[in-house]
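J.: Hey, can you work out the whole structure from these sequences and the hints?
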Amino acid sequence: MDCDWTEQVSLLIDGELAREAARGVERHLDNCAVCRFAREDFLLLRRQLNAYEVEHDALAERRALKRILVAGDGAGKIEQPATISALPRRGRFAGRFNLPRLSPAQLAALALLLIGVAVGVISFVNTRRSQPELAESAPTPAPPQNDANHHGASSPQSPPFAVSNNPAIVNQPRNPAEVARDNTQHNGERSRRKSVARGIDPARSSSGANARRDETARREMPKLPPSPAFSQSPTNVPVVETANNELEAIDSNNGSDDLWRGEFEATGESKTARHVEQAQVLLRSFRNTRLAEPGQRASSDIAYDKRQSKKLLYQNILLRREAASRGNVSVESLLDSLEPILIDIANLPDRPAPEAVRTINERMRRTNLVAMLQINQSASVARSY
Amino acid sequence: MASEEDEFAVMFHEFYPSLCRFLECLLGGRGASGTAQEIAQESFLQLHRTGWRNLPEGEARFWLYRVARNFALNELNKRQTHQRLFDKVVDVFRARVPTPEEEFEVAEREGLVIDLLKTLPEQQRAALLLREQEELSYQEIARVLDVSESKVKVDVFRARTLLRERWRKKAERDTSAQASRVKIR
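Top to bottom, those sequences are chains A and B.
Its first residue numbered 23, the first sequence is counted upward by one per residue in the numbering used here.
Its first residue numbered 29, the second sequence is counted upward by one per residue in the numbering used here.
Please keep in mind that the hints were generated in silico from the structure rather than gathered at the bench.
Keep in mind that a hint or two might mislead.
Claimed, not checked - Beta-carbon label-pair distances, calculated as ranges:
1. A:ALA131 / B:GLU177: 37 to 45 Å
2. A:HIS78 / B:THR109: 29 to 37 Å
3. B:SER204 / A:LEU135: 19 to 27 Å
4. B:ARG196 / A:ALA130: 41 to 49 Å
5. B:PRO84 / A:LEU134: 48 to 56 Å
6. A:ALA130 / B:GLY59: 31 to 39 Å
7. A:ARG85 / B:PHE114: 29 to 37 Å
8. B:ARG112 / A:ARG150: 27 to 35 Å
9. A:LEU135 / B:GLU87: 47 to 55 Å
10. B:GLU85 / A:LEU65: 27 to 35 Å
11. B:GLU70 / A:GLN128: 30 to 38 Å
12. B:ARG196 / A:LEU81: 52 to 60 Å
Keep in mind the model is a prediction, meaning the values are calculated, not measured.
Cβ coordinates follow ideal geometry from the N, Cα and C atoms, glycine included.
T.: This is the structure we're talking about:
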């Protein structure tokens, strides 16, 4: 029953149409009953609204005027425009930021939601933090007691350089299933390398955290391909395996009467500092010796370095484990970097090829091992004072 | 000084009744007459304090209506807040909330256009009242309400259409009620 001209009728009765438009609407009204009814209703509403009268009290009006004049004169001119102060109080904030108005119940629900989200985030962060701690405290499966001996016996001629040249293999975490699988694989180069790695692994990974730190430290080291000179030394003494056997023997004695145990019961820091100093001297000597007397004549000096390196290797393994148990990551990382170098020097043949010595020196240079040892020694001296 | 007060008094007596009527209709009818008078007096007080003589010629009336409407909006918001809180308390003891249709029927039963006015949005209500009672032009209404003239045009038309629909609905309902009463007799 509506007509599109109804709005024009509304404008017409308000006098808001131009003369021509008003004539057009009036002509339409002559032909449209809907718009005529609309106009009548609009006018009726106007009369109804105009008929509304408020109660008029002349006395109250005069009193109100008097109060206004007195109050206005007494207060003087206000600085703030009345329109601003008269703005809706709650609408001002919501209107400025285009926010919906919230009831107290909605505000309470919103607050509860925010609190829940905050608690969830905090608990999530705590869970994430506690996971590494749990991993550190989780026990690592103990290796079989005869594991190293078994592998050592099964592969007496395995190349010891595999330990230092295959860090990924060295740092594989042990688990019983893997050990059992490896026990059935004694043939082949891969199996032999793994068995050598196993030989040193128990000494290295006393816990999951230690294994992880070992892996991190190894990852930072340069991975060099195995040197042919190293692999051509089948008569080498498997120093790593010997060291591991001795370490396991120390462990099995439970500190009853062992020389190493007694020696390492002294203060750990001074032992470490002395060890670092000795290692630094050894590495400098090895580096300088090779530079001063290359070729065949270096064999006698290398023999001394080999002996010293073997001796330091045992200390290094024990000190590294001790540092790991104390949580001294920096010392542990340093000793972990030192260890492969000591192993390689100890495993050098009596007459090493120049390439082999050069490779070790190159690795020392790349890792700045001598400088790191010196820094650690200086820090230890500074702490002692 | 005395002449200034006289001029203000003349202006007061000229605009005060119509301002009270506008505010009373805006706030909901007879029940709001006291609040309407308080807001009207507060608006005149603000006008006096602001310096009404500094306003341009003929501007005082629009200024008054603008400020009074803002005060009325404050009052309506306050009432809505109170009503919401009251409704929440009542809802505890009431089975269900009345629908807008039921509220409209309550307004219809009172039989007054002013009561039907309460069912309109405030913008449309203010625009229609300023047009029908104060006989302001669309341009003047736009100045008072601080909106565009086209919005005033739309608001006035929509207010009329809604009021007309509800008024006719009420009339039809009254007619059917009378017919049923006749049948019963």
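J.: Run every hint past the structure and note whether it holds.
T.: Here's how the hints hold up against the structure:
no. : hint                            : in the structure
1   : A:ALA131 / B:GLU177: 37 to 45 Å : 42 Å, holds
2   : A:HIS78 / B:THR109: 29 to 37 Å  : 32 Å, holds
3   : B:SER204 / A:LEU135: 19 to 27 Å : 50 Å, violated
4   : B:ARG196 / A:ALA130: 41 to 49 Å : 44 Å, holds
5   : B:PRO84 / A:LEU134: 48 to 56 Å  : 53 Å, holds
6   : A:ALA130 / B:GLY59: 31 to 39 Å  : 32 Å, holds
7   : A:ARG85 / B:PHE114: 29 to 37 Å  : 33 Å, holds
8   : B:ARG112 / A:ARG150: 27 to 35 Å : 44 Å, violated
9   : A:LEU135 / B:GLU87: 47 to 55 Å  : 49 Å, holds
10  : B:GLU85 / A:LEU65: 27 to 35 Å   : 33 Å, holds
11  : B:GLU70 / A:GLN128: 30 to 38 Å  : 32 Å, holds
12  : B:ARG196 / A:LEU81: 52 to 60 Å  : 42 Å, violated
When each numbered hint is compared with the structure, violations occur for hints 3, 8 and 12.
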